[in-house]
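Below are the chains, spelled out letter by letter.
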Amino acid sequence: MEKSYIVKQISIFSENRPGRLAAIAGALRDAGINIFAFSIAEADGFGVVRALVDRPDDAHRTLTDLGFRVSFTDVIGVKMRDEPGGLSDIASILGDAGINIEYAYAYSGRDGAVLILRVDQVEDAIRQILGRGGELLEASLSR
Amino acid sequence: METIRPDELADLQLKRLKWSLHQAQKVGLYQRKLKEAGVSPDDIRTLDDVEKLPFTYKKELQAGYPFGLFATPLKEIVRIHTTSGTTGKPTVVGYTRKDLENWSELIARNMTMIGLGEDDVFQNAVNYGLFTGGLGFHYGAERIGMTVIPSATGNTRRQIEMIEDFGVTAIHCTPSYALHIAEVAESMGKTLDSLKTGIFGAEPWSESMRTELERRLGVKAYDSYGLSEMYGPGVAFECPERDGLHIWHDCYLVEIIDPETGEKLAPGERGELVITPLVKEALPLVRYRTGDVTRLMDGECACGRGPKIERITGRSDDMLVIRGINVFPSQIEHVLRALPEVGEQFIVYIDRVKHLDEMTIEVEMSRAGFSGELQDLARMQKKITGELHNTLGLRTAVKLVEPESLPRFEGKAKRVIDRRGAI
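Line by line, the protein sequences give chains P and S. Under this note's numbering, the final residue of the first sequence carries the number 1322; numbering is consecutive throughout. Under this note's numbering, the final residue of the second sequence carries the number 424; numbering is consecutive throughout.
Treat the hints loosely; a few may be bogus.
Unchecked claim - Derived pair list, reagent style BS3-like, types lysine-lysine, alpha-carbon separation capped at 30 Å:
(1) 36/S to 76/S
(2) 99/S to 34/S
(3) 1187/P to 383/S
(4) 400/S to 1187/P
(5) 415/S to 355/S
(6) 99/S to 27/S
(7) 265/S to 27/S
(8) 1187/P to 36/S
(9) 53/S to 265/S
The hints are simulated quantities; they were obtained by calculation from the structure and are not laboratory data. If you're wondering where the values come from, they're calculated on a predicted model, not measured in any experiment.
Produce the complete structure using the sequences and hints provided.
And the structure:
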């Protein structure tokens, strides 16, 4: 049950220099893969590009074949009211349940705003959010 | 001789050093060099006085081509070997009958040290010719009564048949040829059960290579060190402890120096190996700069023999001086090899920022082991920096780069880019 809400994020190691994001994005474009959401986390001289795409397995293969270091990370996507308090609702649910958010990013699409979350106890988080009336992105949206 | 008391050894070394200098005085080059340095053999009263003597460089041997450095007339020389001469003229090495005896004795000592003897069948799978490894090992092995097969190199399938048919127990070859033999044997479905001992030398090889050779050939692998200028192989050799090489102090006076300044380094410090041979007749040498990087190891070996040198870790020509600290690229390679998270490819950049040397090392990530988490990468970067700091005694900036993004080299790798301008 909870498993159907675990979304596969692709995480790509990238050097921090001009043209790397263009190379990643160009490869996904050429493979006809759509990016729903993405973010870049940066450290000393390198970064990790995180993305939700419509075909994660194809994206993984395409980028790996090009020599990128790619891995999957389990995240969840929580639908969020696109108005004041939207983020607060979700963060409170997790905070009350003692679930830690490792990182998050958000996008606002056709069907409203979505908060992508990487948490330490993913199945617990899903139960808590559904139990408190929250709505989650189905993993089947991306395959 | 192997377990001689330190004070007796020192007496013997001094006696032989004096003899060796008198032998060197028969050579025009040394008459000139000692005169220029203002020393005569009689000024050498203790072993420490060796530091008063000038160094000898390979280019000086090359300039003496062919027989300019021989201390004995050609009629007393019974054999000649030469080095390959890949860089300029070959170096010519002459041997008197006594030299050949000394050399065989050293090889015999090494082989005895690792438990080989008359019950062993020995395949000597190296080039027999001008290369010293062939005849050198051949006569040393005969001397201790081993059954010697002078198989030389080539025709690997025949080599493997001989190992099997003759019940070969010990083999000597280069580590890369040993790997080739292992591959061919595996393809032939041969397990080479009789083989117990592998002696590998003439090119550098790593501990991971040792593990692989031992697994695939079913041998215990020993490192052998030598150079043609010092007869050939036999100068230093691993004992069964296989933690450093015993160098034969009764025949070779060993110094470790800073290759930049020429100053003698303290025991344990890594630098260039300088050897003064103590028993060589035809080609005596004084403080010969081997160009090989090692250190004298502390402590006594469990086997009871004399002080050891570390396995050769590089060439002094590659040495870098960073903020006054000597760094060898091979040390960096060594650290990275031990870390599964990164590949073996790296590039070192050296810059001078506000009058300070800064070393940046780009390291390729390995294919395996990327979790996708930034914090794991940051942790790994910190770990590499820490390991390098432990080994080099120097803070470095480590940059993780994508796999296969660094240039590959055919032949000798150029891993260091020094961007420091002249001051």
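- Query: Holds or violated: are the alpha carbons of residue 1187/P and residue 36/S at most 30 Å from each other?
  - Reply: 79 Å, violated
- Are the Cα positions of residue 400/S and residue 1187/P separated by 30 Å at most? 28 Å, holds
- Task: Below or equal to 30 Å on CA atoms is what counts here, so check residue 53/S against residue 265/S.
- Result: Holds. Residue 53/S to residue 265/S sits at ~11 Å (cutoff 30 Å).
- Under the criterion that the straight-line Cα-Cα distance not exceed 30 Å, is the pair residue 36/S, residue 76/S satisfied? 28 Å, holds
- Query: Is residue 1187/P within 30 Å of residue 383/S, Cα to Cα?
  - Reply: 28 Å, holds
- Is the hinted pair residue 99/S and residue 34/S satisfied, with a Cα-Cα distance of at most 30 Å? Status holds; Cα separation ~26 Å.
- Task: Would you check the hint for residue 99/S and residue 27/S, treating anything up to 30 Å between C-alpha atoms as holding?
- Result: 17 Å, holds
- Message: Would the hint linking residue 415/S and residue 355/S be met if the CA-CA limit is 30 Å?
- Response: Between residue 415/S and residue 355/S the Cα gap is close to 26 Å, so the pair holds against 30 Å.
- residue 265/S and residue 27/S: Cα distance at most 30 Å? Holds, at about 27 Å.
In this structure, the one hint that does not hold is number 8.
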